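Using the sequences and the accompanying hints, generate a full structural model.
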Amino acid sequence: MQAFPPNPLDLTVIGVYFAATILVGWLFRRKAHSSSDFFHAARTLPTAVTAIAFVAANCGALEIVGIVSASAKYGAKTLHFYWIGAIPAMLFLSLCMLPIYMRSRALTVPEFLKLRFNGSTRTLNIVCCGVMMILVSGISLYALAQVLRTFLGWSFTETTLSAAAIVFLYVSLGGLTATMYNEVIQFVLIVLGLLPLVFFILHDFHGMAGLTAQLEPAMRHTWVGLPVANPHAIPMDVIGVSMGLGFVLSFGYWCTDFVLIQRALAARTTAGVLNTPLVAAFVKLLFPVLVVLPGLAAAVLFRSVPGFHYDQALPALMMRYYRHGLLGFGITAILASLMSGLAGNINALTTIWTHDIYRASLSPNKSDSHYVRVGRISTLVAILLSIATAYLALSFNNIMDYLQLLFSLFNAPLLATFLLGMFTMWATPKAGFWGLLIGTLSSVVHNFAYRLHWITYGSDMSANFYGAILAFSSCLVVTALLSAFTPAKSRKQLADLTCWTGTHHGIQIPRTAVVLAGVALVICIFLSILFR
Numbered sequence: 000m001q002a003f004p005p006n007p008l009d010l011t012v013i014g015v016y017f018a019a020t021i022l023v024g025w026l027f028r029r030k031a032h033s034s035s036d037f038f039h040a041a042r043t044l045p046t047a048v049t050a051i052a053f054v055a056a057n058c059g060a061l062e063i064v065g066i067v068s069a070s071a072k073y074g075a076k077t078l079h080f081y082w083i084g085a086i087p088a089m090l091f092l093s094l095c096m097l098p099i100y101m102r103s104r105a106l107t108v109p110e111f112l113k114l115r116f117n118g119s120t121r122t123l124n125i126v127c128c129g130v131m132m133i134l135v136s137g138i139s140l141y142a143l144a145q146v147l148r149t150f151l152g153w154s155f156t157e158t159t160l161s162a163a164a165i166v167f168l169y170v171s172l173g174g175l176t177a178t179m180y181n182e183v184i185q186f187v188l189i190v191l192g193l194l195p196l197v198f199f200i201l202h203d204f205h206g207m208a209g210l211t212a213q214l215e216p217a218m219r220h221t222w223v224g225l226p227v228a229n230p231h232a233i234p235m236d237v238i239g240v241s242m243g244l245g246f247v248l249s250f251g252y253w254c255t256d257f258v259l260i261q262r263a264l265a266a267r268t269t270a271g272v273l274n275t276p277l278v279a280a281f282v283k284l285l286f287p288v289l290v291v292l293p294g295l296a297a298a299v300l301f302r303s304v305p306g307f308h309y310d311q312a313l314p315a316l317m318m319r320y321y322r323h324g325l326l327g328f329g330i331t332a333i334l335a336s337l338m339s340g341l342a343g344n345i346n347a348l349t350t351i352w353t354h355d356i357y358r359a360s361l362s363p364n365k366s367d368s369h370y371v372r373v374g375r376i377s378t379l380v381a382i383l384l385s386i387a388t389a390y391l392a393l394s395f396n397n398i399m400d401y402l403q404l405l406f407s408l409f410n411a412p413l414l415a416t417f418l419l420g421m422f423t424m425w426a427t428p429k430a431g432f433w434g435l436l437i438g439t440l441s442s443v444v445h446n447f448a449y450r451l452h453w454i455t456y457g458s459d460m461s462a463n464f465y466g467a468i469l470a471f472s473s474c475l476v477v478t479a480l481l482s483a484f485t486p487a488k489s490r491k492q493l494a495d496l497t498c499w500t501g502t503h504h505g506i507q508i509p510r511t512a513v514v515l516a517g518v519a520l521v522i523c524i525f526l527s528i529l530f531r
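Residue 0 is where the sequence shown starts when you use numbering that gives the first Met the number 0, and the numbers rise one by one after that.
Please keep in mind that the hints were generated in silico from the structure rather than gathered at the bench.
Treat the hints loosely; a few may be bogus.
[What the hints assert, rightly or not] Cut-off 30 Å, straight-line C-alpha distance, at most; resulting in silico cross-link-like pairs (DSBU-like, lysine-lysine):
| id | residue 1 | residue 2 |
| --- | --- | --- |
| 1 | K429 | K488 |
| 2 | K113 | K488 |
| 3 | K491 | K113 |
| 4 | K113 | K429 |
| 5 | K491 | K429 |
| 6 | K113 | K365 |
If you're wondering where the values come from, they're calculated on a predicted model, not measured in any experiment.
The following block contains the structure:
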């Protein structure tokens with residue numbers, strides 16, 4: 000696809016955005032002197048900020064370019080990533096898992112695993128988490144390169160280096176606080192940048208009915224036409240969607256991803272922490288209008304274009320519908336989404352490295368300012384690693400396929416470990432480690448078998464769904480079996496680490512949180528039936 004001719008007005012809009020992100024980092028640099036400020040925002044942020052940052056951290060390559068791309072490829076079935084693939088898990092995180100996270104006083108997800116199981120389990124999780132975060136950051140850089148190459152004709156190297164430099168500046172200057180406030184700004188830009196596109200598409204197709212009528216029949220529905228189990232012949236089936244996506248992948252992502260947990264725990268009050276994913280859930284219910292609908296339009300408009308790359312669907316739509324000025328704002332919206340996801344992963348990775356490895360094991364008795372300096376240096380290293388992994392994403396024609404592969408490899412087995420760790424007392428330290436290791440390896444072996452054509456699936460996405468089910472089940476079974484033959488921790492050692500061993504530090508769940516969760520679940524079920 001030819002690049003859109005650069006225009007001074009568009010470039011000015013993009014330049015103002017880049018300058019604003021750096022300015023936010025510079026303004027918050029004075030609030031990032033201590034390690035608590037830099038890595039955890041001192042847990043002083045209002046719920047509105049943490050909730051929007053919670054959503055914005057998810058609105059990176061996964062949400063914007065990825066969902067539009069997936070919608071162009073899979074049609075209305077992409078709605079599953081929002082309703083069954085997000086809302087139930089977000090509600091479960093708020094009401095069931097965040098209270099345990101808070102009681103444990105763990106500052107990171109790996110630290111919780113050390114407290115509940117042992118240091119070996121924490122180390123394994125750090126390795127897996129670090130690899131996944133670097134790869135996901137690489138996806139964001141890859142998507143940035145696709146966007147700017149489509150619009151401006153920039154080379155892959157030019158775009159990745161430019162974006163990486165800007166993210167490094169505002170993350171290293173202001174830490175988590177600057178990252179989260181930038182995420183709020185970026186989320187607003189995303190919404191404002193995509194709303195006109197939705198309007199133009201609906202006007203062009205004479206409403207939603209006109210757009211739906213031009214879709215291929217298989218792309219019009221979410222549930223209708225899906226067989227119960229037939230992963231080898233069609234892109235998705237009921238078992239893959241409900242168990243692979245709806246349970247394993249969604250709960251594994253929303254309930255154990257440190258980037259998201261970090262934002263919820265940054266709220267200043269207990270109610271704020273619990274309400275963060277609940278408020279975000281209502282935003283997720285409405286967000287498909289901004290991303291799935293454009294993807295459906297791309298499926299109609301570009302299906303006959305030779306060699307069309309799904310990940311170019313969103314920039315191609317903007318080039319079709321936006322004039323100069325508005326086009327620059329649309330580009331800025333995409334850049335904001337991608338940089339939001341990139342910055343969130345970089346900041347989380349920096350926190351885990353500095354807190355869980357460097358401070359805990361390598362250099363435990365240094366000054367607070369020393370750890371902040373280490374955090375800033377590790378930010379640069381993480382950025383450089385992300386640039387290297389951006390090239391791996393070039394082998395995929397759909398970002399969502401690649402992301403779900405990563406989640407099936409790393410998040411799926413971790414979910415089993417967390418569920419057994421938080422909701423049972425009998426899961427033992429050794430069993431937790433070996434279960435997580437074997438669960439991860441089983442998913443890796445499954446992926447290699449699929450890539451080598453030893454097993455077949457109807458689509459990459461279906462392979463990811465069933466790989467996640469295998470990884471979760473393997474971890475669950477191995478952990479349960481080994482727990483019967485290895486010593487468990489005492490009730491005293493598990494104080495505040497499971498739902499059964501809470502002490503006087505128990506977290507009270509506000510009634511309003513339960514009501515909000517119920518309303519969100521009812522709306523989710525209604526939408527799933529309405530668009531079945």
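Quick rundown of the hints versus the structure:
1. K429 with K488: holds (11 Å)
2. K113 with K488: OK: K113 and K488 at ~12 Å, within 30 Å.
3. K491 with K113: Satisfied, since the Cα-Cα distance of roughly 15 Å is no more than 30 Å.
4. K113 with K429: holds (12 Å)
5. K491 with K429: holds (18 Å)
6. K113 with K365: holds (22 Å)
Every hint, counting from the list given before, is met by this structure.
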